[in-house]
Structures are given as C-alpha cells and as structure tokens.
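J.: Sequence:
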Amino acid sequence: MMSQGPPPPGAGYRNQPFDGNLKGGQQNGPQAPFPPQQFTSNMSNGQMNGVFDNRQPQFPQQMPQKGGLPYQTQQMPPPGGQQPPRSQPQQLPPTSQYQQQRPQQHPSHQQQRPGMPPQQPPTSQQQRPGMPPQQNPSQQQQRPGMPPQHPTTSQYQQQQTPGMPPLQQRPIMPPQQPPTSQQQRPGMPPQPPTSQQQQQQPGMPPHPSHQQQRPGMPPQPPTSQRQPGMPPHSRPPIMSSQINQQMQNLDINASQSSSMSMGWSQQQPARPPMPSYPPMPTGGPGQPGPPQSGLTMNPPSSMAGPPMMPGMGGQPGMPPTSYPVSQSGHHGYPSSGPSHPGQRPHMAGPGMSGPMGQPMQQQKRIDPDQMPSPIQVMKDDQETHKDGPFLTNTRGRIPPLVSSKFVVKDDGNCSPRFMRSTMYNVPCNKDLLQASDIPFAVVITPFAEIPINEGYLPVINHGVNGPVRCNRCKAYINPFVQFIDGGRRFVCNICSYSTEVPSEYFCHLDHQGLRVDLYERPELHLGSYEFVATTDYCKDQKYPDPPAYIFMIDVSYQSIQCGMVRLLMKEIGELLDHLPKEYNDEQSRIKVGFVTYSNHLHFYNIKENLAQPQMMVVSDVEDVFVPLLDGFLVNVEEARSVIDSLLEQITTMFADSRDTETVLGPVIQAGVEALKSAGIAGKLFVFHSSLPIAEAPGKLKNREDRKLLATDKEKTILAPQTNFYETLAKSCVENGVTVDLFVFPNAYIDLATIGCVASLTGGQIFRYSYFKEASHGQQFREDLKKTIECKMGFDTVMRLRCSSGLRPVDFHGNFYMSNTTDVELAGINPQQAIAIEIKHDDKLQEDSTAYLQCALLYTSVSGQRRLRIHNLACNTCTQLSELFRCCEMDTFVNFVSKQAVKQVLTTVPKDIRERLINQCAQILACYRRNCASPSSAGQLILPECMKLLPLYVNCIIKNDALSGGSEMSSDDRNWLMRKVLSMDQSLSVPFFYPRLFPVHDVDVESTGLPEQIRSSMERMSDNGMYILDNGIALFLWVGLQVDPNLLQQVFGVPTIGQVDIEMTSLPTLENPLSSRLRGIIEEILQERQQYLKLTVVRQRDKLEPWFKHFLVEDKGLSATQQSYVDFLCLMHKEIRSLLN
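Each residue of the sequence shown is one higher than the one before, starting from 1 at the first, in UniProt numbering.
Incorrect hints may appear among the rest.
DSBU-like, lysine-lysine: derived pairs with alpha carbons at most 30 Å apart [stated by the list, open to error]:
(1) Lys839 <-> Lys474
(2) Lys1093 <-> Lys785
(3) Lys570 <-> Lys1093
(4) Lys570 <-> Lys786
(5) Lys1093 <-> Lys786
(6) Lys379 <-> Lys1093
(7) Lys902 <-> Lys791
(8) Lys699 <-> Lys713
(9) Lys707 <-> Lys676
(10) Lys581 <-> Lys713
(11) Lys791 <-> Lys676
(12) Lys791 <-> Lys409
(13) Lys730 <-> Lys785
(14) Lys676 <-> Lys730
(15) Lys474 <-> Lys409
(16) Lys730 <-> Lys474
In short, the hints are calculated from the structure, not lab data.
Based on the sequences and whatever the hints tell you, model everything.
T.: See below:
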C-alpha cells in the first residue's frame, strides 16, 4: 500500500471538537462576513460547504480567529427539544476588501476606523470592557431567555405575526429602510432600528443599541433585538447583500408542497419558523402533501459579478427559491428554508437574508440523507423485482440493477446479464440523440454466467447447412423476423430484406401468421441461444481439436526465493483435476503442457508411457523453437503419474537457481508456436516475477517515474515503451492463443508494455506485489483455481448487427480489431465485457423498433465450433422525455468509464475531467430545458432514472484508474486501467461506488449481507467495525473505541493494539459473531470471480488514509477530487451557465 501521512487530528471522530485552525482558515464561531473566494471545504473534519450533519456539535469554548481576535461560541437554547445545528465557520475579510464593500455612511454617523472599537454616539452610555452592560433608561429591561417585549415607539417595528408575510412589504422588492436607519454592511446580520445608531466593528457580531460590545464576549440582548432561539417580533431593514453568504449553499430538506408561487409562499398559522432548522412535511403532522422531489441549489454567479466556485456566496438579489411541484419522471429535492408542521417551504425574495425576511443566524445546512442515495435506489429496485421473474420482452421497461438479485425469464429479448443498453427508448434521429448528450451504447458480456435456476442456453444443430441467415445482412434467424408467403419467406428484422426459407426449415403458419412450431424452436422464441457451426466457420475448413493449457513458470532467483514456485507446484497438481468440461462430459478434454524459464527455456516431455519426465533446454532465445511435439501436450488422466513426478522435481531442480535476469517475449513466442504446430487453440498461464532485462527479443528498460502520474506527461509512462508485445499479441490472436499473466513483482515490471499480451488476447492480469505465501498464498490459490476452472470460449470473433439506420462506431475493452466491424479475442471469459457505441446513419421510423443482434463465434472447451446469439429489441421515440424515462445508469457508468480510460493515452487528465463534467451538465441541462416542469432557476432537477448521475460521474473522476497520482506506482495505475476496460457492470458499480457494511451491530441470527450504508466517513463511528468492498479489494476497518468484547469474539484479543493487521482472513473462533462475520466475507467473495484479499485497518493507522480515499462521498486525496456535495454545487453552476 502507499505510505500516507498521519491522519488529521480528529479524523474518524464524529463529534470531536476542532483543534485549532482548520484547512483554509475556517474556524468555529459566530458568523462573520468573509470574501467568497476564501471559502473552502474541509471534508476531513466532516464539514462541507455549508453542510453539517444532524448531530449536536461540541464546540470549544473559544477559538482563535485570524488576526488574533478571539471568538466565543454560544449555545442557543434548543426550542421544542430540538438541537441547534452547529454554526458556520467563516473568516474575517481583509481590511482593503472590507473598505471597498463599505456602504455610504449616513452623514450623522461618526466615522469608524476598521479594526478599532466602535465610536459611541454622543448620547449613548459608555460601556466599560469586561463589565456588565449599562441599561439605557429609555429601554425596557429584557430578561435573557424570555420573549422580547414589543416596541411601540417606532413605526418600523410593527409586530409581525409569525409565519405570515411581512406587513406593508412588496413580495419581490427589497425592504425600504427608514431614512434614519443604520446602513447595513454586506455580509453582516441586520441591525435593528433604534432611535440612535452606532457603527459596527468589521467582522464582529452586531452591537445592540446604546452599549459597546467587547470583542469575544456574547452580545447583550437589548429590547429591540430578538434573542437567539426566540421568535422574531419585528422586521428589521435588510440589505440585499446579506444574501451573499447564503446563495450558493446547497440546502436539502424533506419538505413537500402541493403548489408554490413566486414571491411569498402562502402559510398557515403555526409556530414561528426557527432559523437554521429543517422544515417539516407540509400539511401538518400525519398529513403529507403529494410526494415530490426537488433539490434547491441557490444560483451561481453567472448572472453578474466575479465567477463563483462551489461554496462561495451567491449574487445579491438572486432569491434562493423553494422547490416546485415536479412532474412524474424527474427527481429533485426539497427546497430551502426552515419551516414547521403546517407551513409550506419558505421562499426568500431579493434582499432577504432568511425565511420571511428574518436575519440568518447560521449558515444553512444540508441533510445528506436527502441527497440522491445509491443505497436507497438499490433497495427500491430490489423491492420491485423480488416477487416475480423479470420478463425480458416487456417493452419500455429498464432491467433490474446489477446489484439486485433477480430471476430472468427469456421471452424474446436476451437476458440483461448478456447485454444491456444505456437507453431502452432509442431516438428516431441523430439530432435528438445529440441534444440529450447521452451516448447510445451497449455493454455486452457474451459469456456471462447463468444462475442454475435459469437453466442453460440451448444448443441448436441445423446440420450441414448450418443456421438460417438473411441473404443480405447475414443476420441469424431470431424471434423478431416475420414469416410471409405462407411461411416460405421471412423478412429480416435487421435489414428488412425478404429471404427464402430453406425447404428443411419450412413450416406452416397459423391464423396469426406465426409458425406452428414456434415454441419448439428456441431460436424463434428466445433471446439467447447457440448454433452448432459448420466447417464454413472453421479455419482451413476443418473442425478444431479441444484446446490446451500451457503453464509457463519463471524459475529465476526471485521466484524461488519468494516461494511462488514451491506454492504453485504444490497446488497445481490438485487443480488439474478441475479443468473445465461440458456439462454432459465425464472428464475434461483439455490437454496440458509445461515450460520453465529464466534466461533460457526448458520444455518437458511428459508422455504417458515415460517413467520420468524429460527436459529439453532451448538456449537460443533470439530465434526460439519448440524442440518436441509428441509428448509436450498430454491428457491429464493418461499422464497423471508423469505430471506428478515433474511437479515434485521442478522445485528441487531450481532450488539453487542464481539467475536474476529473465526473458519474457521468447517464452510467449514458444507457447504460440507449440499450439500452432498442434493446430489447436489454447491458453498460456505465464507466471512471471521481474522486468525482462535479459538480452532477448522483448527486452525492456526501467523507466518508472511515478511523479509523472496525474500530470500532462503521464501518457509517456502509461503507454508501451515498445511495440514488440503488441505485435506478439496480434500473433496470439491470429492463432487463437490467449494469455493469462500472473506477476509477482518486487519492483517495476512495466505492465504498460507486457500487459498488452494479456489485454489484446482477452486474457487477465493477476498481480501480487511483494509476494509472500502467508499474505498472498490464499489469494493466489483461489485466483488460479477460478481461472483454471472457468468455462470460456477460444478463438473468438464477435460482431454486432443493428437495424437499418444504426451502426456501431466505437469499441471499448480488451480485444483486438483487424477491421472496423469484428471484435477478435483469442479467448473470452465470463467476466469479459465489451462496450460498443452506436450512432445513426439514417432516420428510424416513428413507433418502430430498433433491433440489435450480437453473434459470437467461438470454440468450446470440448473443441466444438459454435455461434452464440444474443438479440435485443428497443422501442423508438421522438420525444426527449421518453428517452430520459428509460435510461440505465449501470451501463452508462460502465461505458463512460471505459471511454475515459481509453482517452488517457491520448488526452491530458484535465481535459478528460472537463469532458466528463461537461457531459454530465449537458445531460441535466437538456432534461431541465426540455422535460422538467417550469421551476425556479435555483433548483437542480434530476431525471428519475439518472438521479445518481452526478454521484457516479464524480466517482469516475476521483477513481485511481483516472486520477491516480504519485501515491501509487505506474504499474498500479496501468493495472487498474486495464481492469476497468474489461470489467462488466456487476463489477464496475461497486468499483466506482464501494459497498460499506457495518458489522459491529450485525444480527448473528440473520443471513445474507447486512444493510449497506453510504460511503462516507460521516456514517462511521469510532466504536464500530465496517467492511468495505470495492470489487477488487476487501477492507475491515476497526474503530479505536470498539467494544473489547467485540474484539475478543472476532479477533480473539482483548485490545485493539493486539489486532494483527497482517492477517488476510479472520480467525475461526467458536462464537456466533465470529461465524456471522466470516459468513458475510464468504458471501462477498462468492459474488466476485476474483478473490478479494482482506486488509485489516485500524483507526488512525498508516493505512487509514488509503482506506478513506475509497469513501467516495468525501473529498479525495487531491484538490481536484471533490466531495459529493461540492460536485453537486459545481453541477448546478454549470447547468445555470448552460441554461443562460
């Protein structure tokens, strides 16, 4: 893991007071004016741009403020038993800036010098610092904690009924100030009008009349100033610049309303609104309004003034609007403004600082629970599909999420496990598609595993004539073709061409025009099926033999010393008993062979009639050849004794190896030649440990420079340093040879170059840095087992055919293409996914159907040449609202991430990030402009199907595959990039948004996985334990204050300091909790095709920063990795800019 600095003070504590100054100069204390450009977010302490959690804060009594001015925090009495939110830390403005913002002083006011105590009016009573304030005889005595007395001497202080519109005030106009009132400074709370005014010290709380406020002391409540926590009794004059520090704050509350008008919102008599408290549902307790959703985000500074970043104040005069009634089909979030049961959300007009014109005492707060949550979306989707099977041919319905457990019933369309689309309503023309900025793409996993309860794909044999196809486009017969002329001809659904039905395939039609044998032929009523191919689909017009596996083992000094060779020889003998086979075969037909190498190659003759294996050495690595054919590839059952003898001898033969230089290129060349000579396809299992620096073809040099990562020059070390391995990979594909690469590096190994052999051939890369049997043995063993056992296809070619008017244009994944239409892979495994973007080349007919057919030609593990067909039909649409109603986020995330990773080698990181941000903003702006009901510009409206779009786009931008910097090696980064290019949706979703499970309070009697929580440190507690799964790694985080009994039951130790952080699996202890936690981990591992190594992380250990960077809703390691809330603010700003 990467070494990180110590965690920041207070990290991991939810209510711990801040120790000193925060990042960016933020401090706790009463609000003060600050320049917008100085406001930054500090996620390490759980604080976002105006965002606070729901817990009661614990503040230190006094915090030093910039410039030495102390701030004393006050605890407001909680009205009605509610807890007040913590106050917003702010900064004092520079003197120069403050002077620029000072309004024109009234002639009768005395001049105030910035930073000096205020000059008292001649008639006011002088207050000695540190002494109790002297009461003005003209004012009534106000007891703290009691309701303020209503003034009767000023016409501008009329009593206002709480919850009612202000008296004699026009809704949209700023309030008029009396000629004698004190001028309000920008960003300061309003001053109550009094008979005599006084100056306000910059950055200090407002002073009550006739008394001086000592810096750092709480203000004394006068009669005309309302007490904190009490309802207001007057409407003081408000400057429109007051809203400057609130406008951009994202405010999410669970309010509902049935109607909303611009200006003042109609209110019912109720308790007066309390500033900074979240609103309650409309309609009174127990009487909620219609379920609505709206996200109120105050407008950015695109209208006037300097550009504004997330967290900065908005522009004066722009009202933060409440959320309108949203139509079905879009999802937003409740509006800002505190309210209480029986009230509607408030709506502040220009110049207002708070609801109903009340002065804001604290910054607004975001309730993270009201932001779009992937956890809730997944939970709702699971509830929708838990009762019955998913019928694939239901039009206009998106499939279940990949996170849901569901059963598929194939009734014409293929299962979503095989093929998913980003949209299921396809626009009829390219203009509509371009306007939405949503890519039309499909992600195909042609060899995806099928659950047992869904059966097997039927294999259809049409004899020597092969499957029935269209004569024009060569599409295969499928459920969507239409039979005409009494069943003698069929009209192709892809190209609309009429083809004659072969005589042996003819069948009569019923009264509905359907074949009477419709349900007897799988290809006419199922979306996925297989055909047995004829010799026309084979090389040299000859059926292939069963494939072979060749194990090529590095026996250099490093491989022997780390224990890899010894462990491999120990495990491989047993794994050979689990070679893949057809479900009706008794034993596997796959043959095996063995090669060892360091700076030269050793081939082994393991023919079944030999008493001992024979070794043949090839020292000429410049022109490598295979010294034997007969006896190199054998059947495991027939040569079992010879194979066992070889595995025992290899460890002994090379135990004293001192070869430190290795070759790699000639090794793969020899494997390809061996399979080519045998005339069969197969797979090479290459176990390699170091950079190939020996003099031989494919020699590489060390060019590691991790400081280039995340810079404009990163592509120089992420691209191959030579094209030798790319050329070698093409030779592998041509001969049907796929390569799985197992690397065990202790230093730089240049995966960017040697990884091409695995990626272009459809293979996988398994990486075990600083390999040790104790820490990596189980992971290596399980990965090897799953790779050897998995059913896969060999020597494959895939083509996607589309309806007339559509064509595939861009292909993303790990494969090779020799032309513009065919995807070639030497092998394909159940996890291999290929993303294909589709574009229009002509208009589609309205109210028609868009058809896609994927055909995969491959050789099975038994040596049979087959065609696997997947069909998908989608509706067409002419309205953007129909398009947005049927978009699928899991596929969108998978496709966009593959597209972005592919651009890393040609584009600078900044441009990739900006393209993703702009695409997200364009999509949401298009929906807002064309589909959402008219609403205030201060709202962010999200489509229901794409409400997680900002979250996932931010996760993609922050992911290590795109943004990994000098904290990781270039091999780490390149491995992640190749992983993203090959992963399917079931892996990409947890990879970009890791799953977080609390396990300290798990029910030991329950089964299955515990309920997932959001991926944020705010959701974690110091006395808890949490499991994090990101699809490629597994973490167990243990808090410092966890219950000792819990530690004893899980780890068998009484204190957290005794927990072994080197363990990779939990100890087996005889208690219910230990069994439950091991069961949870085992269930997670069963969902993954690759073994996830467990890493134990103690709170505040050196690994915790690395663990925290997987909490994707928080800020990342760099400044460009924004929190979820910050990114929402950025999206709102971008959308406002596009709309304007």
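J.: Report the numbers of all earlier hints that the structure fails to satisfy, in ascending order.
T.: Hints 9 and 10 not satisfied by this model.
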